[in-house]
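Colleague: Take these sequences, add in the hints, and give me the full structure.
The listed protein sequences correspond, in order, to chains A and B.
Under this note's numbering, the first sequence has 211 at position 188, and the numbering climbs by one with no breaks.
Under this note's numbering, the second sequence has 190 at position 44, and the numbering climbs by one with no breaks.
What the hints contain is simulated information worked out from the structure, not anything from laboratory work.
Any given hint might turn out to be false.
As the list claims (entries may be wrong) - Here are the simulated SDA-like pairs of lysine to any residue, each with C-alpha atoms no more than 20 Å apart in a straight line: (1) A:Lys227 <-> B:Ala254; (2) A:Lys227 <-> B:Asn219; (3) B:Lys234 <-> A:Trp158; (4) B:Lys234 <-> A:Val232; (5) A:Lys227 <-> B:Phe259; (6) A:Lys227 <-> B:Arg178; (7) A:Lys227 <-> B:Gln223; (8) B:Lys218 <-> A:Val232; (9) B:Lys231 <-> A:Asp155; (10) A:Lys227 <-> B:Asp179; (11) B:Lys234 <-> A:Gly157; (12) A:Lys227 <-> B:Val217.
Predicted model, so just to flag it, every value in this text is computed and none were measured.
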Amino acid sequence: MAAAPVRSRRTDRQLHDLIRAREQSRGLLIAFEGPDGSGKTTQRRLFKNWLQTEGHQVVTTKWNSSPFVKPLVRARKEARALSPEEFCLLHAADFHYRLDTEILPALWQGETVIADRYLFTGLARDAARGLDFGWLLDVYWPLFWPDVVFYFSVSPETSGKRIAAERLPSYYEAGQDMTQMDDSIGSYTSFIGRVIQEYEALAKIFHFVTVDAEQSIDEQHKLIRSLFATSRRRSIDRFNREVLTAWLRSHPKA
Amino acid sequence: MNAKVSTRQVGEVTVIDLEGRITLGDGSNLLRDELRHLISTNRRKILLNFAEVSYMDSSGLGQVVAGFTTVKNQGGQLKLLNVGKRIKDLLNMARIASIFEMFDDESAAIMTFA
Numbered sequence: 024m025a026a027a028p029v030r031s032r033r034t035d036r037q038l039h040d041l042i043r044a045r046e047q048s049r050g051l052l053i054a055f056e057g058p059d060g061s062g063k064t065t066q067r068r069l070f071k072n073w074l075q076t077e078g079h080q081v082v083t084t085k086w087n088s089s090p091f092v093k094p095l096v097r098a099r100k101e102a103r104a105l106s107p108e109e110f111c112l113l114h115a116a117d118f119h120y121r122l123d124t125e126i127l128p129a130l131w132q133g134e135t136v137i138a139d140r141y142l143f144t145g146l147a148r149d150a151a152r153g154l155d156f157g158w159l160l161d162v163y164w165p166l167f168w169p170d171v172v173f174y175f176s177v178s179p180e181t182s183g184k185r186i187a188a189e190r191l192p193s194y195y196e197a198g199q200d201m202t203q204m205d206d207s208i209g210s211y212t213s214f215i216g217r218v219i220q221e222y223e224a225l226a227k228i229f230h231f232v233t234v235d236a237e238q239s240i241d242e243q244h245k246l247i248r249s250l251f252a253t254s255r256r257r258s259i260d261r262f263n264r265e266v267l268t269a270w271l272r273s274h275p276k277a
Numbered sequence: 147m148n149a150k151v152s153t154r155q156v157g158e159v160t161v162i163d164l165e166g167r168i169t170l171g172d173g174s175n176l177l178r179d180e181l182r183h184l185i186s187t188n189r190r191k192i193l194l195n196f197a198e199v200s201y202m203d204s205s206g207l208g209q210v211v212a213g214f215t216t217v218k219n220q221g222g223q224l225k226l227l228n229v230g231k232r233i234k235d236l237l238n239m240a241r242i243a244s245i246f247e248m249f250d251d252e253s254a255a256i257m258t259f260a
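Modeller: Below, the structure written as structure tokens:
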């Protein structure tokens, strides 16, 4: 029989004091978001190298990378057996697992975390698959807000051209489960337009920092550096206290 | 039910009555266009009335937040009236409810505009 999880006996007040005391020494969470083909992974790598040269301890976390969920998603994708709801729930499970085991521990230790895609990827893709936005927020609840979200904005045409130049998009990447089109490129261009519309809405709600990803790699990188320099850390107390409190309760040694 | 957006003036405050589904496409675009029109005509005390809204998606929510930010940046105020439980839940789950002033009584809401 598995042992029951260890729970902290610290009071709410003690946990809040602990969180407040860690506000300045905690790490920053920076998310890179945008559709496929927007160049965010290239920019994430450049940004990470630059941060390291500036003396930051940097950890990267990637979408759909947790050891428990990733193989399951792959198998279900290969079988083309994922419904929009299952697609969403599996990615949410992956996200919550990484938040608990990678993101929060690193932030607590003062490391900078760069997320190559964050929960907004799930919200945009799943809403584009027709799922209700309120239901999605519930699945990803409680939201843990990053300090900064860089959103790489491209047109559906640019995204489609960049992807087509490299490879044929996969069945789910092309949204063929929704469009029912045989032509993966055609389906991709149609589906990514919906995803981008969702991203544009999320950019307004969650105050993304938008980067024009039609610019050159160098121009974008310079812009990200300067935007980062002027961005402010988000108050834990206002946005993320609930999530951190719950995490500290289940990690009494933190 | 198709979305409708109409406005009425109560003293210095412009009340926007929303109706139907405020979603990607029609409803969301109507709201965006109305807010742009009000701001361009220097009306910056705005009360958004959700009494007849049946549904709102991310696009509608995005327009409300964008409107709030634009009006605020121009020295105005945008407040919410008759926000139903479902939309309140959306605002709470997205952790943005606290940026808005919300009212259930129109007269009381009008009185709060400076």
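Colleague: Compare the structure with each hint and give your call.
Modeller: Here's how the hints hold up against the structure:
{"no.": "1", "hint": "A:Lys227 <-> B:Ala254", "verdict": "violated, 29 Å"}
{"no.": "2", "hint": "A:Lys227 <-> B:Asn219", "verdict": "holds, 14 Å"}
{"no.": "3", "hint": "B:Lys234 <-> A:Trp158", "verdict": "holds, 13 Å"}
{"no.": "4", "hint": "B:Lys234 <-> A:Val232", "verdict": "violated, 25 Å"}
{"no.": "5", "hint": "A:Lys227 <-> B:Phe259", "verdict": "violated, 25 Å"}
{"no.": "6", "hint": "A:Lys227 <-> B:Arg178", "verdict": "holds, 12 Å"}
{"no.": "7", "hint": "A:Lys227 <-> B:Gln223", "verdict": "holds, 18 Å"}
{"no.": "8", "hint": "B:Lys218 <-> A:Val232", "verdict": "holds, 19 Å"}
{"no.": "9", "hint": "B:Lys231 <-> A:Asp155", "verdict": "holds, 15 Å"}
{"no.": "10", "hint": "A:Lys227 <-> B:Asp179", "verdict": "holds, 16 Å"}
{"no.": "11", "hint": "B:Lys234 <-> A:Gly157", "verdict": "holds, 10 Å"}
{"no.": "12", "hint": "A:Lys227 <-> B:Val217", "verdict": "holds, 14 Å"}
In this structure, the hints that do not hold are numbers 1, 4 and 5, in rising order.
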